[in-house]
Amino acid sequence: MTVDEDVAGAGDDVDRTPDGERGRRAGLGGAIRTRILPILLGTALTASAALAAVLYFTQFRVDKQTDDAAAQAAVQAATDGTVALLSYAPDTLDRDFSNAKAHLTGDFLSYYTDFTTKVVTPAAQQKKVKTTAKVVQGAVAELRPDSAVVLLFINQNTTSQEMPDGSFAVSSVKVGMTKDDGRWLISSFDPV
1 MTVDEDVAGA
11 GDDVDRTPDG
21 ERGRRAGLGG
31 AIRTRILPIL
41 LGTALTASAA
51 LAAVLYFTQF
61 RVDKQTDDAA
71 AQAAVQAATD
81 GTVALLSYAP
91 DTLDRDFSNA
101 KAHLTGDFLS
111 YYTDFTTKVV
121 TPAAQQKKVK
131 TTAKVVQGAV
141 AELRPDSAVV
151 LLFINQNTTS
161 QEMPDGSFAV
171 SSVKVGMTKD
181 DGRWLISSFD
191 PV
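Quick note: the sequence shown, position 54, residue 54 per our numbering, numbers continuous.
Honestly, the hints are just simulated from the structure, not real lab data.
Each computed PhoX-like pair below joins lysine-lysine, with the alpha-carbon atoms no more than 25 Å apart: (1) 134 to 174; (2) 118 to 101; (3) 174 to 130; (4) 179 to 134; (5) 101 to 134; (6) 118 to 130; (7) 101 to 128; (8) 101 to 179; (9) 174 to 101; (10) 127 to 101; (11) 130 to 101; (12) 118 to 128.
With the hints as extra help, turn the sequences into a complete structure.
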């Protein structure tokens, strides 16, 4: 016996697995590769397609339903409503508040009605408070087909019996807008 024969024979002794068991192991790996892997890949592709469809219909198409004209309409409605909301005079309170309410909706309309009745009207009549507001700049922060958030920068001048020369205030507000019957109305008004 030569060294080469000993080495060749030693290699045969190492693998003592019966041929049938080796075949079953190879068959199981092959089954995983040929049957289960394609099923997993198909499931992943189907889930990806479903996610893409959901994102398309909930995000992308919403953006396509809003354009520059809708943004400008929301900014203009927020501007008009804010000026009406913050401008009033003691001799025209009913008309001023009625005009402002025409620009409001929802809980904010209820809050504004209560606030002007209980706080603003008595103060404006007793102290002869007059305010005028002017929006100097505005832009859309968020825009959806039926809602928007508009950021406005406002100059407001207030005069009263106690301060006939008046006071000047600069402020910024985040105005929540809701589309109701095709009109943009103010649904929230938050100082920034």
